[in-house]
Amino acid sequence: MPLPMVTASCLLAVAHQSMHLRSDVRELPDAGMFEGLPQAWDGASVLGNDPKGSAENFTMKDGPYLAGASPPLLVIRAYSDAISDHIRSEGVWFDCPVLGEIWDKLPCPPSSPQCTKNFMDIGANIGACSLQMMARNDVAHTFAFEPDYANLFYLTRSILANNMSQRVSLFPQSLGDAPGQHRIYERPGNMGSTSLDASNYGNGTASGEVAMVTLDSLMVAAGMPYVHLAKMDVEGYEMKVLAGASNVLSSGMVHAWKVELSPAFLELHISSALHLLNAFITNRYDLYHVAGWEDRKANLELMSREVLRNYACEAHPRNYQREFLAVLHGQQARSPLACA
Numbered sequence: 001m002p003l004p005m006v007t008a009s010c011l012l013a014v015a016h017q018s019m020h021l022r023s024d025v026r027e028l029p030d031a032g033m034f035e036g037l038p039q040a041w042d043g044a045s046v047l048g049n050d051p052k053g054s055a056e057n058f059t060m061k062d063g064p065y066l067a068g069a070s071p072p073l074l075v076i077r078a079y080s081d082a083i084s085d086h087i088r089s090e091g092v093w094f095d096c097p098v099l100g101e102i103w104d105k106l107p108c109p110p111s112s113p114q115c116t117k118n119f120m121d122i123g124a125n126i127g128a129c130s131l132q133m134m135a136r137n138d139v140a141h142t143f144a145f146e147p148d149y150a151n152l153f154y155l156t157r158s159i160l161a162n163n164m165s166q167r168v169s170l171f172p173q174s175l176g177d178a179p180g181q182h183r184i185y186e187r188p189g190n191m192g193s194t195s196l197d198a199s200n201y202g203n204g205t206a207s208g209e210v211a212m213v214t215l216d217s218l219m220v221a222a223g224m225p226y227v228h229l230a231k232m233d234v235e236g237y238e239m240k241v242l243a244g245a246s247n248v249l250s251s252g253m254v255h256a257w258k259v260e261l262s263p264a265f266l267e268l269h270i271s272s273a274l275h276l277l278n279a280f281i282t283n284r285y286d287l288y289h290v291a292g293w294e295d296r297k298a299n300l301e302l303m304s305r306e307v308l309r310n311y312a313c314e315a316h317p318r319n320y321q322r323e324f325l326a327v328l329h330g331q332q333a334r335s336p337l338a339c340a
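The numbering of the sequence shown is the UniProt record's numbering, which starts it at 1 and goes up by one.
These are computed hints drawn from the structure, not numbers from a lab.
If a hint is listed, it holds; no wrong ones were tucked in.
Using 30 Å as the maximum straight-line C-alpha spacing, the simulated DSS-like pairs for lysine-lysine come out as follows: (1) Lys105 with Lys117; (2) Lys105 with Lys61; (3) Lys117 with Lys61.
Pairwise CB distance ranges, derived in the manner of DEER restraints: (4) Arg305 with Ser54: 48 to 54 Å; (5) Asp62 with Ala315: 39 to 45 Å; (6) Lys61 with Ser111: 36 to 42 Å; (7) Val220 with Asp62: 34 to 40 Å; (8) Pro110 with Arg88: 39 to 45 Å; (9) Ala78 with Pro336: 43 to 49 Å; (10) Gln331 with Ser246: 16 to 22 Å; (11) Phe94 with Val307: 21 to 27 Å; (12) Leu160 with Arg334: 42 to 48 Å; (13) Asn247 with His316: 30 to 36 Å.
The beta-carbon is built from N, C-alpha and C at its ideal position, and this holds for glycine as well.
Construct the complete structure from the given sequences, taking the supplied hints into account.
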């Protein structure tokens, strides 16, 4: 029997009723928090380069996802590429507006009702979602991760063009399970499909190597503050990211994660949908389906274990992709899913 559709605000309120996060949810430190860490961008000059073509300035389309803020300027590719083409056509990248809707409906945890709301973008690409969230007055700070040299060229130009360097901590590295160097693959015509260690579509081109760090090393060892919402879109590398974030997951330092699930991409990286879903279930997160691969609306539906098992265990076509939101509930950890 299908789950009834309920408003996201009601669902999230239920999920929070008995949540007990750690009591030391921290406020954002001063701007010098990451001084001395070689991973952090200095916010002063453009990173990277794109030898394939020139840049174009484009003003984001206004909408409720900006919460009344002025639309930021996006520096996009002047040549044809999937993300830049869509922004030129529609005014936004279609993955991003839903983040604003989720943000509006996601309350602070009861243990910190006046929490400082920070956003994290894991796989920021050229910055369409990061800039949208940075522009909002109710986002205290953004933490962004993007390793691709060409994407960084557009991302950092956009940040500088909007005078937002003080509103973001940008790490020009990938996130994974251990520090090191990893080969990166670019897909012609769609730099949103950049992947690590292997080409997801079989036609990617190795463009060099990038540095990798772990989220635990930044959030736990370096003292990064509470994150209200993290977006993770890393083309099948999700379990590697979470393997390097075990302390972050177990501590509740990230309150909610919006994740793209692609079983075929996960399998290329020796993982599975089962592993990904269980990483959240066993760390006290409830999982909500973000309704509409096509419309990306934040009509969130709490997923039953039956629905989750279908996601995790059934055979799906190669192009099968779903989006879900994991929200910390703070109750006792639930047992992992199992496939027969």
